[in-house]
Amino acid sequence: MAAQDPAAPDLLAVEGLTVSFATDRGRVTAIRDVSFAVKPGEILSIVGESGSGKTVSMLSVLGLTDRRTTTVEGAVTFRGRDVLGLPDRALRRIRGKEIALISQDPMTALTPVHTVGWQIVEQIRTHESVSAAAAKRRAIELLDAVGLPNPAEAFGRYPHQLSGGMRQRAVIAMALSCSPALLVADEPTTALDVTVQAQVLDLIVRLRRDFGSAIVLITHDMGVVSEVADRVIVMYAGRIVESGTRDEIFGNPSHPYTWGLIASIPPIDGARPRRLASIPGLPPTPANQPPGCGFAPRCRFRFAPCDATVPPLARSGHAVRCHIEPAARPDARRLVLPDWETAR
Amino acid sequence: MTDIPLPPATAGSDRPDGPWARARAKLLADHAAIGAAVVLVLIVLAVLAAPLYARHVSGTDPFRSTLSAKIEIGGKKVPVMERSTEGLGLGVTPIGPTWGPRYLLGADSQGRDVAARLLYGGRNSLLIAGSATALCLFLAALVGVTAGFFGGAVDLVLSRLLDVLWAFPVYLLAISLSIVLINGGLTIGPITIASNSLMLPILIIGVIYVPYVARPIRGQVLTLKRSEFVLASVGLGIPRRRILVKDILPNVSTTLIVFVPLMMALNIVTESALSFLSIGVQPPDASWGTIIQEGQGLLYSRPAVSLAPGIAIVVTVLALNVLGDGVRDAFDPRSKLRPR
Amino acid sequence: DRAADMAAHRGGTLRLVTVAAEGTIDPHINYTLKNWQIYQLAYDGLVNFSRVAGPGAFKLVPSLAEEIPTPTDGGKTWTFKIRKGVKFSNGKDLTPDDVVASLRRIFKVSGPTAGTFYNGIVGADACLSAPADCKLEGVTADAAAGTVTIALTAPDSEFLYKLAVPHAAILPADAPAKDVGTDPIPGTGAYMIQSYDPNQRMKLVRNPYFKEWSEAAQPDGFVDEIDYDFGLTEEAAITAIQNGQADWLFDPPPADRLNELGTTYAAQVHVNPLMAFWYAPMNTNLAPFNDARVRQAVNYAIDRSAIVDLFGGPVLAQPVCQILPPNMPGHEPVCQYTTDPGSEWSGPDMDKAKALVEESGTAGQEVTIVTEDTAVSKAIGTYLQTVLGDLGYKAAVKPISSNIQFTYIQNTNNKVQMSISQWYQDYPQPSNFLNILLSCASFTPGADASINISGYCNKDLDARMKAALELAVTDPEASYAEWTKIDQAFMDAAPMAPLFTPKRVDFVSSRVGNYMFSSQFYMILANVWVK
Amino acid sequence: MIVSLIRRLAEMVFVMFGISVVVFLIFFATPGSDPAARIAGRNAAPETVEQVRRDFGFDRPLPVQYVSMMRRLFVTQDLTSFVNRGQRVIPLVMDAAPITLSLVAGAAVIWVIGGILLGVVTAATAGTWVDKTLMIVALVGVSMPVFWLGEVMNLLSQSRLHDTWMFSWVPALGYKPFSEDPAGWFRTLVIPWFTLAALYVGIYGRVLRANLVEAYQEDFVRTARAKGLGPARVMLRHALRTSMIPFITMFGLDFGVLVGGSALLTEVVFGLNGVGRLTYLALLSLDLPMILATVLYASFFVVVANAAVDLVYLAVDPRTREG
Amino acid sequence: MTDTAVRPLLEARNLTKRYVVGRSFVPGSGRTVHAVENVSLAVRRGDTLGLVGESGSGKSTLGRCLTRLYDVTAGEILFDGVDIARADGRALAPVRRRMQMIFQDPSASLNPRRTVRDLIGEPLAVHGLRPRREIPARLDELMDLVGLPAAYLDRYPHEFSGGQRQRIGIARALAVEPELIVADEPVSALDVSVQAQIVNLFADLRERLGLTYVFIAHDLGVVRQVADRVAVMYLGGIVETGDTTAVFGAPAHPYTEALVSAIPQARRAKGPVRPRILLQGDLPSPLAPPPGCAFSTRCPKAFDRCRTDRPALTPRADGRAVACHLPG
Ligand SMILES: Nc1ncnc2c1ncn2[C@@H]1O[C@H](COP(=O)(O)OP(=O)(O)OP(=O)(O)O)[C@@H](O)[C@H]1O
Ligand SMILES: Nc1ncnc2c1ncn2[C@@H]1O[C@H](COP(=O)(O)OP(=O)(O)OP(=O)(O)O)[C@@H](O)[C@H]1O
Ligand SMILES: [Mg+2]
Ligand SMILES: [Mg+2]
Ligand code: NI
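Chains as they are written, first to last, in the numbering used here: chain F, 1 to 344; chain W, 1001 to 1340; chain C, 2001 to 2531; chain P, 3001 to 3323; chain R, 4001 to 4328.
Don't take every hint at face value.
What the hints assert, rightly or not - Negatives, chain C to chain P, calculated, CB over 10 Å:
1. Arg2083
2. Thr2140
3. Thr2147
4. Glu2215
5. Pro2273
6. Arg2293
7. Val2473
8. Asp2506
Claimed, not checked - Taking lysine to aspartate or glutamate and the DMTMM-like style, the derived pairs with C-alpha atoms no more than 25 Å apart in a straight line are:
9. R:Lys4301 - F:Asp202
10. C:Lys2178 - P:Asp3055
11. R:Lys4301 - R:Asp4243
12. W:Lys1246 - R:Glu4134
13. P:Lys3132 - F:Asp66
14. F:Lys97 - P:Glu3218
15. F:Lys97 - P:Asp3219
16. P:Lys3176 - C:Asp2229
17. W:Lys1026 - P:Asp3131
18. C:Lys2135 - P:Glu3050
19. W:Lys1070 - C:Asp2229
20. W:Lys1026 - R:Asp4154
21. W:Lys1246 - R:Asp4088
What the hints assert, rightly or not - Reference listing, derived: stretches of chain P covered by chain F, where coverage requires no fewer than 3 residues with Cβ under 8 Å from a Cβ of chain F:
22. 3136 to 3142
23. 3206 to 3220
24. 3224 to 3230
Derived by calculation from the structure, the hints in this document are not laboratory data. Using N, Cα and C, we set each Cβ at its ideal position, and we do this for glycine too.
Next up, chain F with everything else stripped away, as it sits in the complex (with noise of 0.2 Å):
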């Protein structure tokens, strides 16, 4: 993995990033003072369940949520300008050129009816004033460099005449067209076969150091942050529940949620367990959520606290968004990972 310098300004900082939807059942916030920020070149993944905010967090950052029913509050700062303050004009010229998305699923990512080629093309064009052939050759070279075989041919397909990892292959290329410093890959492999999301994900890997962008890839698979990632957010009911480096978070997860995502992993060698760890209960939905903490009712270290106050997470650093205290995790980590600290 390339280092980071931790010095280097921030690429993109977020403050306090709260996002509510107008819905026909009222107001629902989905996700409520999320901070993080990336620094360039580094790849800051989050993880957590379905429902838990990684998209919407991503999506306001672009300006993407639909601002008829969406109300975005904090700050977004974006190589020191404010994006959420920013006309639409300006903030298309940030989208696809600086900052580009990739979304979970291939195959309905590309738009039907026009062929790969000309998508890549039509991006391309959109934000530099090249010719239409130069553009082409372009776009051929950035497929040839995402690995799909005969890139000339693949430019002239239609996506659906493309396998799913093709498809994703060709989705990478387009985010790429423009080298954007920042690279949003929404669970980019969670429709994939797992040999093809290997392959995609040696891809993305291979491209941070190519092109040097800094990379945000959202996901639920912990094993693949494990594999990628500089930094970690785990994300739980529209908060940041824990966040640090990859070690950090590997090496002492310090939140009992994220004990149990790493719990309930079916191990893929070594002794099978009798019984997976599993985390009790099912997360709240956006609408009902607990005054306290998130996370309160399926933690089985939940004490009063838990339920009076949302704990503070702190600012920098691996920080934990936890009522227990910093000394007793361990133990209670022990209580859920036994073979934790043997097992690294």
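Based on the hints, put chains W, C, P and R with the ligands in the right spot on chain F.
The following block gives chains W, C, P and R with the ligands in isolation, referenced to the frame of chain F:
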């Protein structure tokens, strides 16, 4: 395993209710649909009050020719049908709108009170459209479900039949059927339907749209048949008939409900079109379409006669369409049902 | 005078319009007034109706025959001397053989009147049953003498009239022995039909070989061309005539335009009486109309002036309560079904009607009135329904398509109790109304062609009609008197309710001049000019 | 390709066969329609009626009559009308077709453009008052019986407002062939076009709006926006292009049905002698040969339209191109 | 398949299932999807067979054929020694009760218009498994078995979360007291934290009720957790079967090898880091399967013979069977 604490299953109310109640709640929150429903109720009440209006307000029998009657307006006796006295003295013109209780909208070419006929006509229009809708949906469900569920040869025959009817332009089919039936009436076994019975337009309109509803229903049943919950029932060894009744029909029923207002709207227009071509409701019965048709001969001199029922149709159909949108959104927001 | 007019007004194109064409162009088959009016321009019989306005229009004049012969053999043999020098529009000369072939052709093409008008010719029976090899022995030509002799099985006072209608038009001998459909057959008239497309237009141009031989029989026309356009609605046609885009409309103008025409365009409107009537046949074999009292009650109860209003007012129709129309020989104005019986209808007599119904004890029965689905027919039916309702019956109206209604109401299988119908004369003889509409021979149960719609067969009156027909051969005037009485006698039994005699409204464009109206064939097209 | 072509053809033949049988049976089930009596003419002698019956083959068994009629319609092409004796039906239909085609094609242009505009504008402004107002207007269009709208238009343009600047250009009702008088053709058809299109603009606008709104929930639109494309381009090149597919299906079917004669109400009201009116008149007069010809013509168009839709699909939806 | 002493509860012999797509009433149209080709497998009573493979490799089709939800094109299915491959509705009825299917998408497999009570109670009533008045008690028992409060019986499926719905599906399958359960990706639609709950539930039920499972999943970890034996499918055929730990520990077929190596490291407790094998390309279309070995188009070790001959599933000494031309 009972130790797992369970959060409430869904947001909001503690004891949430079934799909029907959910749809109802959604519908009740739809202001446009509620407004449309109110308009429809008012229209229905108005047409139900037709005899009251005829007897007590206009004081005429809207089914009786009153060619030589005279009425008093502003103290003067005026003939309902006025013979031309100018020039060559050609033509006889019925009285125009008086905006009073008698002949509010004027008279038609038989000297009958148009306002009263409008109300009576509305009864027939709504009755025919309503019954035809019921009939159509019943037949379509029967055909669609049978074809979709039993498949095989049954499906082949029924689908081909639907194909044929589908390629037969609706109005032409309706007209052919009307002409046959109006000339001869209809005898099915012991039942004889007279040629001027309202049953005929109901039957005709009910039948012609069957392919348009049966096809989507068949498609839906085919999808349902392949759906996992039906497969699950099959796997559980549930008898076919029970699967049909318990798993398939309830799901088809919402589609049918969604079709109701839309088909109503369509049927009102179709009925009026047939009546306009004088092969729908037969005189002396009236429907909005027949009044338009009768008014056509007076369009230049007394346009109110055919404008009024036209406006009634537009308002009713508009309300039905708005309500239909609401019902569709409430039951099945993603469906793109479009009967035509 | 005509020659001066010719010099001043000859030329131009006359643009006629009508809602729809009326089928085949074959003059031996087509049985519609619309086409008969056109055939006057293109075809001739041995005799023609004379082309003049007023009562003279019913007078027969020799046309392709040099003169009207007197029959010999007690009225059974007619010998016509064929006019020389007449040419068909294809340039061929007219010969006696053409005449013989034409009369045979009536049978070969199964002309609609072959069995009713021309069945009196010797050999007609064989021709009717085997048209393909029709010999029609009764018709013989003598080329040398230039004559044609027609032998009848019995004297026929109306034979000349039958020869004057287009069904007996003289066509070239080589005219196809089948319905020609849309291919016009050459004729001898002043004009020839150049093309015919029933969905678009019929076009007539001058017959290049025409030389006027008798102004009364076949006058030379003023206009050079006649375009007859099909497909415009009446509304549209009226507007077009008002705007000068068309010259004349065959169909009656729509009711709601009448007032406008009668006031703003009075100068272009011509109203003329017709020899026709609208009536309501009542099925004398079905309850309740199998009781004469009920039929009389209906006749009493009908407010004929209300019905006249439905037709457009008193200017356009005249109430009648007898079968023979005004101007018909034998017509004596009389009305017995009115408040004060006399020569005219004055008002309905509801009391008498109700009394008759009560007497009959039929009140409460169901009656269905079958009308055409045209505005007027339906309106009359609706009105009659009210009348029958007032008389105590449960009445219903059943309008059916105009094209079917006429055959539908004739067939006894359809059990039609009452209907609305009209009858227009083929030729001006009382028998054309009374004998055709009410003779026993016209009643064929179970057939779609049974013109005696009432199904009324009175042996007595049948015999009297036969006698009157025979009398007409020798003493027409006496026979007319007898027809008057027969008319009365029928009305006593009231197998129908005569309603009114319609008048015809012709609305012509402002450029049309020399309008003339013949009661037989309506506006005389040859006399009209447009310049 | 060949297989699907054969399939189409087989389907077409089947459907047309089915329809002709239905029509045939309906006709012979109708009382009061003894064609012989009507062909023979009023007051014809029984012998004459018999003769006509024999000539026209009405005394033969129905299947024989059916076959001979079909042969005359398709093989010898000399089938003639029962009502207008001697009149060949095929040229008649061929003469009427251009009129219907003019009417429907013109209306189609209006309703396609109008429908797209309506759909795009309302989808772009979804939820605002602009959207709501336009949707109500569209619904009014959908709710108006076309014949009534036509009559009101006639009343205004031919009578009430005919002498004002608004409608003084409107010619009398009826059709003017394009080849003879292009300006007249246009002027006579403008009002019928709009009348016929009113319904479809509403329907198409609403369907398109629904599809566009749905497309806006799709991932690919989000991707397009994330690429930095402007709203117009996202709408037109991505959302609209994809949403046009159901639009085209509907268009094909509607166009086929209308050209096949379903525009008869408009034709009747505006006095256009198109196929629809021809069929209607044939039905009214129970003119079986005419009915067969027009109805088969109509079903032909419906089936052809279906096939055409499939072809257009190939053009607009690359997903259908294989297989 | 070394164990011949015990008769398998379920055995498939040369099972083949093809779909014909795009057929119309014109003969000869339509194309054949070779969804399952010539598959043989056996499940002993009390065992769990895991079925893994790429998307579209025919796992669901095979599962549905085994439970006779689909008709099979060819081959035999022996359930407790009786061939049910050709059995019709009537003959199947008793067998149906003894084996059950659980579906991937818990929402799609529950009729949204029926309450839980109705859904679970129906098979009880239809099969007359309990007298009418004992049904409510049995329903409570079933709910308890899958860890749901009995109070939820009168709710509709949409009022439950995914995990809860899957429990309802399981309770319904258990209602008929089956011996065999075919579970088609029962946890893939669930959240990570819920997935483990359901996996545990399967294990518990197996212990308590002595069930036999065919467990379909694409997550190898899950399969390893629940299955005793595993069958790896590729393009409609089985490429390798054997003991789960053995197969995952030392894959014999190149495809299995690639599959196992593709799993991210965090999923491994410890041990040597295996080099990742990155495959090229994707699963070929089942409309036109390649000649020879189905995997030959992507196999890093393929040689000429692989592209012409189809290797048969051959038993090996260690109790495994592998379909590969490479010497094992
Ligand atoms: N447009 C919207 N209107 C209302 N609620 C929304 C909307 N978009 C998202 N939400 C809600 O916001 C919450 C967070 O959604 P989000 O898509 O960010 O979750 P996620 O973490 O990306 O989940 P997944 O892993 O399933 O993609 C969810 O509860 C979702 O229901
Ligand atoms: N009803 C069907 N008709 C036609 N083809 C089908 C049908 N069902 C499945 N197939 C095809 O059969 C093949 C096997 O499908 P199947 O669903 O069994 O795969 P799977 O292994 O379960 O995949 P997944 O992991 O995506 O569920 C696929 O190519 C699929 O497209
Ligand atoms: Mg997401
Ligand atoms: Mg599957
Ligand atoms: Ni004059």
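Okay, the hints, checked on the actual structure:
1. The non-interface label for Arg2083 of chain C is consistent with chain P: the shortest C-beta to C-beta separation is roughly 30 Å, beyond 10 Å.
2. Remark: the non-interface label on Thr2140 of chain C is consistent with the geometry, its nearest Cβ contact in chain P lying 23 Å away (cut-off 10 Å).
3. No Cβ of chain P comes within 10 Å of the Cβ of Thr2147 of chain C; the nearest lies about 29 Å off, and the non-interface call holds.
4. Every CB of chain P lies more than 10 Å from the CB of Glu2215 of chain C, the least distance being 32 Å, so the non-interface label holds.
5. Every Cβ of chain P is farther than 10 Å from the Cβ of Pro2273 of chain C; the closest lies at roughly 22 Å, confirming the non-interface assignment.
6. Distance check for Arg2293 of chain C against chain P: the nearest CB is about 30 Å away, which clears 10 Å, and the non-interface claim stands.
7. Every Cβ of chain P is farther than 10 Å from the Cβ of Val2473 of chain C; the closest lies at roughly 22 Å, confirming the non-interface assignment.
8. Against chain P, the non-interface label of Asp2506 of chain C holds: every CB pair exceeds 10 Å, the least being about 19 Å.
9. With a C-alpha separation of about 21 Å, the suggested pair Lys4301 of chain R and Asp202 of chain F falls inside the 25 Å cut-off, and the hint holds.
10. Distance hint between Lys2178 of chain C and Asp3055 of chain P is fulfilled; the C-alpha atoms sit about 10 Å from each other, no more than 25 Å.
11. Between Lys4301 of chain R and Asp4243 of chain R the alpha-carbon distance is near 24 Å, which keeps this suggested pair within the 25 Å criterion.
12. Between the alpha carbons of Lys1246 of chain W and Glu4134 of chain R the distance comes to roughly 22 Å, so the proposed pair stays at or under 25 Å and holds.
13. The suggested pairing of Lys3132 of chain P with Asp66 of chain F holds, with an alpha-carbon distance near 19 Å, which does not exceed 25 Å.
14. The straight-line distance between the Cα atoms of Lys97 of chain F and Glu3218 of chain P is roughly 22 Å, inside the 25 Å bound, and the hint therefore holds.
15. Of the supplied pair hints, the one linking Lys97 of chain F and Asp3219 of chain P holds, its CA atoms being roughly 19 Å apart against a limit of 25 Å.
16. A distance of roughly 12 Å separates the Cα atoms of Lys3176 of chain P and Asp2229 of chain C; the hinted pair therefore holds under the 25 Å criterion.
17. For the proposed pair Lys1026 of chain W and Asp3131 of chain P, the alpha carbon gap of about 21 Å is at most 25 Å, so the pair holds.
18. A threshold of 25 Å between alpha carbons decides the hint, and for Lys2135 of chain C with Glu3050 of chain P the separation of about 19 Å falls inside it, so the pair holds.
19. A hinted pair counts as satisfied when its Cα atoms are at most 25 Å apart, and Lys1070 of chain W with Asp2229 of chain C does not qualify at roughly 43 Å.
20. A C-alpha spacing of about 22 Å is found between Lys1026 of chain W and Asp4154 of chain R, which places the hinted pair at or below 25 Å, so the restraint holds.
21. The suggested pairing of Lys1246 of chain W with Asp4088 of chain R holds, with an alpha-carbon distance near 22 Å, which does not exceed 25 Å.
22. Residues of the region 3136 to 3142 of chain P lying with their CB closer than 8 Å to a CB of chain F number 0, which falls below the three-residue condition for coverage.
23. For the region 3206 to 3220 of chain P, the stated coverage by chain F is satisfied: 3 residues place a CB nearer than 8 Å to a CB of that chain, which reaches the threshold of 3.
24. Note: the region 3224 to 3230 of chain P has 7 residues with beta-carbon separation from chain F under 8 Å; the three-residue rule is met and the coverage holds.
Of the numbered hints given earlier, the model fails hints 19 and 22; all others are met.
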